[in-house]
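One point on numbering: in the working numbering, the residue at position 267 of the sequence shown is 1299, and numbering is uninterrupted.
Any given hint could turn out to be false.
[Said to hold, decoys possible] Pair by pair, the computed Cβ-Cβ distance ranges are:
| id | residue 1 | residue 2 | range |
| --- | --- | --- | --- |
| 1 | 1341 | 1174 | 45 to 51 Å |
| 2 | 1377 | 1339 | 33 to 39 Å |
| 3 | 1102 | 1301 | 38 to 44 Å |
| 4 | 1079 | 1307 | 49 to 55 Å |
| 5 | 1304 | 1325 | 27 to 33 Å |
| 6 | 1319 | 1257 | 27 to 33 Å |
| 7 | 1119 | 1083 | 45 to 51 Å |
If you're looking for bench data, these hints aren't it; they were derived computationally from the structure.
Note that this is a predicted model, so its numbers are computed, not measured.
Think of the CB as a built atom: it goes at the ideal place given N, C-alpha and C, for glycine as much as any other residue.
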Amino acid sequence: MGSPTDSCRGSSTTVLADLANPDSSGVGTRVQLGLIGLDRAGQFHAERLSLRPEFEVVAGCDPSGEAPRRLPGPRAADRPVYARVDELLARPDLDTVLIAGSTEHRAEWASQALEAKKHVALDVPPCASARQMRDLLAVARRTGRRLSILPTRRLGTEFRTALRIVGGDQLGPLYSARLISWGRAVPQEASGSVSGSRTADSDVDPFAFFAYQYVDQALQLLRGRPRSVFGRIFPPSTSDPAAIAFTLAIGFDPGIDALIDVNLNSGAVLQTGWMLAGARGGYSVGRIYLHDASGEICDAPVPQTDLPEIDVYGELLAFARGDSAHSASGEDAEVVMRVIDAARESSRSGQTVSLDP
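Model the full assembly from the supplied sequences, consistent with the hints where possible.
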């Protein structure tokens, strides 16, 4: 599975050039974007997209029936907000749709948009199951439209540092990746948008919301196909739906595994970031550990100041224009959703679940 770093660097460079030269960006060639779903995640995207000269959010849609009076942002006062998806998709001035509404309905809305000959970008988690993701990929191929996933969960400095270490091959072939994330979830009423906080909206399944980002990161780091999953998922408390806990053990080729341990109802705060073990050394919390010629382990800090920036909306721009391969592909998402589906099955049965090739 490919690293997002190179494609992100390329698209970010394009965006910077566009902003430095308004004539080259072509205000008249803005991406005409429609937004489906105006919960906190949708509001977050609308606000930020309204500040980007490369985009024009021409309309929004809130199928929940609780649409705000208008889209947020300085240029959105006169933009219509529809209650029906088909009304939004009927607009001839739309070429790309960003879907950030209820996870339960994302696959349905995405399929409608693809059939209406619109390119589709999905916030994460992109849908409710791997089967839905496969169906969407088939519709995209049949209609000739592009389908991708907004890479909002690949932005963390710790993950990008670990990914750079893996890309540099300093550790040799990896055989283990570990991550622990314990702490109290932020109460929903005090949190910001889904994309800006660790708390999911009420219409987003909390397990899928948190598991998706970590499973996706594990697949990027280990760069292989998962073969088996063992999962234990503890339901969130009734008082705080985001306070979920789960442990996932993902097997890759023999001798290669990832362990993800998340507890958002813990009073003991522990955030390890990704810990990696390879044939020539390891990595943990911003330090790399390597064997020298005598066999002694020497450690050194890994600088984070020179990490390339990742511009999520620059990636969306490149995707909408068809300028480059998007870093978070639908094929990647299908594999992540297969792991999440298998984890649910494993938690119900108490058994390890094998994944089909």
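Hint check:
no. : hint                       : verdict
1   : 1341 with 1174: 45 to 51 Å : violated, 36 Å
2   : 1377 with 1339: 33 to 39 Å : holds, 37 Å
3   : 1102 with 1301: 38 to 44 Å : holds, 40 Å
4   : 1079 with 1307: 49 to 55 Å : violated, 35 Å
5   : 1304 with 1325: 27 to 33 Å : holds, 30 Å
6   : 1319 with 1257: 27 to 33 Å : holds, 30 Å
7   : 1119 with 1083: 45 to 51 Å : violated, 26 Å
Hint check: violations occur at hints 1, 4 and 7; the rest are consistent with the structure.
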